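A.B. asks: Sequence:
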Amino acid sequence: ALAALVGLPPDGVWRIVVGDAVAGDAGSLALACLELSVSPDCNGNGTPDANDIASGASVDTDGDGVPDECDCSSDIDGDGDVDAADLAAILAAWGPCSGCPADLDGDGAVAATDLTSLLAGWGDCGQG
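The letter at position 44 of the sequence shown is residue 52 when you use the working numbering, and the numbering goes up by one with no holes.
Worth flagging that the hints you see were computed from the coordinates, not collected in a lab. From a predicted model like this one, the values you see are computed outputs, not experimental measurements. By construction, the Cβ of each residue, glycine as well, lies at the ideal position given by its N, Cα and C atoms. Hints are supplied without guarantee of correctness; some may be wrong.
Ranges of calculated distance between the beta carbons of each label pair, as one might list FRET restraints [unchecked claim]:
hint, residue 1, residue 2, range
1, 37, 115, 16 to 22 Å
2, 113, 27, 54 to 60 Å
3, 103, 16, 46 to 52 Å
Can you build the whole structure from these sequences, using the hints too?
C.D. replies: Structural data, given as C-alpha cells:
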C-alpha cells in the first residue's frame, strides 16, 4: 500500500496505527520507527536524480551525482549567478590552469569547452 506514496513529498503529519486482528493472543509493541528516505530530484521531474542519470535522461559530465541541468559549477565566484564576473574569470585564466576554478571540465586548461559550459549555465543558479 505504501508504493502509492513513492515520489510524493514527505511533508505533513504521519501517524502509525498498529492493531492486533487475531483474537486470543496477547502482546505489546515496544518500539516503532518510520524512516523516510527522500532521493534528490533537483530538476523536479518526479524521478530521482540518480535514476535520471542512469537512464540517460540527464547527463552528469563531472560525475558528482547531480544532473548537469541542475549543476551550477559555472558560478566561479560563488555569487549565485553565472554572469560577467565569471566570464572575466574564464578569460583571465585562459590557457594551462590545472586545478583552478575556471577549469570547469577539469582537463588542466581553460579553453573553449570551459567557455561553452559557462555560457550554457548563464544566469541565476537558484534552480534545484
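A.B. asks: Now tell me if each hint is right for this structure.
C.D. replies: To see whether the hints hold, each was checked on the structure:
no.	hint	in the structure
1	37 <-> 115: 16 to 22 Å	58 Å, violated
2	113 <-> 27: 54 to 60 Å	58 Å, holds
3	103 <-> 16: 46 to 52 Å	50 Å, holds
Hint 1 from the earlier list is the only one contradicted by this structure; the remaining hints agree with it.
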